[in-house]
Amino acid sequence: MKIYDDKHIKNVVFVGAHNAGKTTLAETMLFEAGLLNRRGTVEAHNTVSDYHEVEHERGTSVFATPLHTEWRNYKINIIDTPGLDDFVGEIISSIRVADTIVTVLNGQYGVEIGTEIIWDYIDKYNKPTLFVVNQIDHPNCNFDDSFKSIKRLVGNRAVQIQ
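Quick note: the sequence shown uses this note's numbering, first residue 1396, plus one each step.
Everything labelled a hint here was simulated from the structure, so no lab data went into it. Please read these numbers as outputs of a predicted model, since none were measured by experiment. Treat the hints loosely; a few may be bogus.
Said to hold, decoys possible - Pairs of lysine-lysine residues, derived as BS3-like cross-links and limited to a Cα-Cα distance of at most 27 Å, are as follows:
1) Lys1402 - Lys1522
2) Lys1546 - Lys1470
3) Lys1522 - Lys1546
4) Lys1519 - Lys1543
5) Lys1519 - Lys1402
Unchecked claim - Ranges of calculated distance between the beta carbons of each label pair, as one might list FRET restraints:
6) Pro1534 - Tyr1399: 38 to 48 Å
7) Ala1428 - Asn1551: 26 to 36 Å
8) Glu1427 - Gln1557: 16 to 26 Å
Just so it is clear, CB atoms sit at the ideal spot from N, CA and C, and this is done for glycine as well.
Construct the complete structure from the given sequences, taking the supplied hints into account.
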């Protein structure tokens, strides 16, 4: 196993409301990086991060799950967190160790109440954050409304990039 210098290890935490697509995004990243020979789905109960029986029974993440990949001589630890408020302890403990937060939004809904709760902790611990508007291929997705909801949450610090 390769040993990384501390400055070459980055902890990226995926947070967001329930059903925003955090697990699917993490699974897709690992697949595209060539670490998986097939991309699992939450519906098929075969994702890398949702492997506990209780997660299969519920059809949702229950535990924060560490995953990793390598990029340009950096080890990138990706922590996929649950979206249900019941598991906020998993989310908070993950935020505390994060170098960067990726807040995943369902493009149909934008910022949801769960996102607002999580944002309070991101802001409290002063963590740099990237928002990803996910599920943009859904017919009910409205990117502009989603971005407006981000601006309402974080103010003028929000910058739109593509």
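Against the structure, the hints come out as follows:
In summary, the hint linking Lys1402 to Lys1522 is supported, as the alpha carbons are separated by about 17 Å, within the 27 Å threshold. Straight-line distance between C-alpha atoms of Lys1546 and Lys1470 comes to about 31 Å, which puts the hinted pair past the 27 Å bound. Simply put, Lys1522 and Lys1546 have alpha-carbon atoms about 17 Å apart, close enough for the 27 Å limit, and the pair holds. With a C-alpha separation of about 22 Å, the suggested pair Lys1519 and Lys1543 falls inside the 27 Å cut-off, and the hint holds.
For the hint linking Lys1519 to Lys1402, the alpha-carbon distance of about 24 Å falls within 27 Å, and the restraint holds. Separation of Pro1534 from Tyr1399 is about 43 Å and conforms to the stated range, judged on CB atoms against 38 to 48 Å. For Ala1428 and Asn1551, the hinted distance range of 26 to 36 Å is satisfied, since their beta carbons lie about 34 Å from each other. Checked against the given bound of 16 to 26 Å, the beta carbons of Glu1427 and Gln1557, roughly 18 Å apart, stay inside it.
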